[in-house]
Amino acid sequence: IGEIKRFLRDDGMIKVSRSMKQTAAKVKMAKENLSKEMGREPTLSEISASLDISQEDIVIALEANVQLEYLYDVIHK
Amino acid sequence: MRLEILSKSQNESFARVVVAAFVAQLDPTLEELADIKTAVSEAVTNSIIHGYLEELGKIVIECGIMGETLEVTIEDFGKGIENIEQAREPLFTSKPELERSGMGFTVMETFMDYVEIDSQIGRGTKIRMSKEIKSSRD
Amino acid sequence: MRLEILSKSQNESFARVVVAAFVAQLDPTLEELADIKTAVSEAVTNSIIHGYLEELGKIVIECGIMGETLEVTIEDFGKGIENIEQAREPLFTSKPELERSGMGFTVMETFMDYVEIDSQIGRGTKIRMSKEIKSSRD
Ligand SMILES: Nc1ncnc2c1ncn2[C@@H]1O[C@H](COP(=O)(O)OP(=O)(O)O)[C@@H](O)[C@H]1O
Ligand SMILES: Nc1ncnc2c1ncn2[C@@H]1O[C@H](COP(=O)(O)OP(=O)(O)O)[C@@H](O)[C@H]1O
Ligand SMILES: [Mg+2]
Ligand SMILES: [Mg+2]
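Chains as they are written, first to last, in my numbering: chain A, 114 to 190; chain B, 3 to 140; chain C, 3 to 140.
Treat the hints with care, as some may be off.
Calculated pairs, EDC-like style, for lysine to aspartate or glutamate (alpha carbon to alpha carbon, straight line, at most 16 Å) [said to hold, decoys possible]:
1. B/LYS60 / C/GLU64
2. C/LYS136 / A/GLU154
3. A/LYS128 / B/ASP37
4. B/LYS39 / A/ASP170
Sample of chain B residues lacking proximity to chain C, with all beta carbon distances greater than 12 Å (derived) [what the hints assert, rightly or not]:
5. GLY69
6. GLU84
7. GLN88
8. ASP120
9. SER121
10. SER132
With the Cβ distance kept under 10 Å, some of the chain B side facing chain C (calculated, not the full set) [to be verified]:
11. GLN12
12. PHE16
13. ARG18
14. ALA22
In case anyone wonders, no lab produced these hints; they're calculated from the structure.
Here a beta-carbon is modelled for each residue, glycine too, at the ideal position from N, C-alpha and C.
Just chain A, same shape as in the assembly:
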């Protein structure tokens, strides 16, 4: 039971920043795959439909990713 509780609690405690990073990675992959399939750049709604992730979450994730990349650059310079 302790395990289950911890699992539930950990799950509830996922920070937005972590989950957004995962979303951003998925978005990047979907964008590449869809571009190949369709022979043009996919739109936001097409990416949203293919991943079943809302457009709002994608918009925020893209920004979160830029910031993380930026931080990474600063730290590893």
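With the hints as your guide, set chains B and C with the ligands onto chain A.
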């Protein structure tokens, strides 16, 4: 920050993202963020449906951070609420014909730490809400 | 929509998301979205660094949609630009000591279809930009 939007239904989702992006500064958990977005949706929907009766009007959203607490106000300049006590009651709705649940204020109270309603007939309604982002402590 | 923010550096990223969330209505590609965000960043950074010299001031961002075209204005009430012609020139910067590249306006012009600069010394600066979201045609 202060955001002014028109009372169009697509602006409900826009308002949610803006508040979510603002709260992201406090590095909330997914649950905390979902709670805040839900409360904001309820308040904005109320302004659109009840405040402006689906006509075009201005909605003002303000967000601020006090320590680790998010403060949000959502204001309209519409119809106003006749009886605030009654409006707060679970299941009370003035529009049963729209299949509204009457749970909007109950949802806001459940998901936020504090909810204050300020309203004057013919002047409009202002909802102030706040929530401590506990995870920002770690 | 109209957004008022303070000239803090973390608000640059916030402004980007808000504009991006607004543009979402036009169903852009990620490239179009990135172009607009980059242009917004440059304008907001200019207001923070040059307009307010890193002191606190108000920045107003307005977005509207005309057909399939996004219109954005970014306004500050700071120092103003002495010579607009010169400011627009690639590589011109009044702050070489800050490792600024002098490419802000060039970037805005490259990524947007139209960029207009309105500025008065001691009054502030207003940048109007627009970009057609071509993907919304299909
Ligand atoms: N912004 C507002 N302007 C005018 N009336 C409002 C507003 N918000 C809420 N109300 C009133 O309060 C009642 C209860 O609101 P709520 O709990 O959200 O339930 P519901 O929206 O489902 O009716 C509404 O039915 C309406 O009469
Ligand atoms: N909002 C503003 N307020 C005052 N001066 C500005 C503003 N934006 C731009 N400028 C002036 O225009 C110049 C060129 O801007 P830009 O092309 O962005 O280059 P940079 O920011 O790298 O200096 C700046 O160096 C500054 O002198
Ligand atoms: Mg309601
Ligand atoms: Mg610049």
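Now for the hints, and whether the structure bears them out:
1. B/LYS60 / C/GLU64: holds (14 Å)
2. C/LYS136 / A/GLU154: holds (11 Å)
3. A/LYS128 / B/ASP37: Holds, at about 14 Å.
4. B/LYS39 / A/ASP170: Since the Cα atoms of B/LYS39 and A/ASP170 sit roughly 12 Å apart, the hinted pair holds (cutoff 16 Å).
5. GLY69: B/GLY69 clear of chain C: closest Cβ-Cβ about 16 Å, beyond 12 Å.
6. GLU84: holds (30 Å)
7. GLN88: holds (33 Å)
8. ASP120: With a cut-off of 12 Å, B/ASP120 remains clear of chain C, as the shortest Cβ separation is near 21 Å.
9. SER121: Check passes; 23 Å lies beyond 12 Å.
10. SER132: holds (19 Å)
11. GLN12: B/GLN12 check passes; min Cβ-Cβ to chain C is 7 Å, inside 10 Å.
12. PHE16: holds (6 Å)
13. ARG18: holds (9 Å)
14. ALA22: Where the cut-off is 10 Å and the nearest Cβ of chain C is about 9 Å from B/ALA22, the hint holds.
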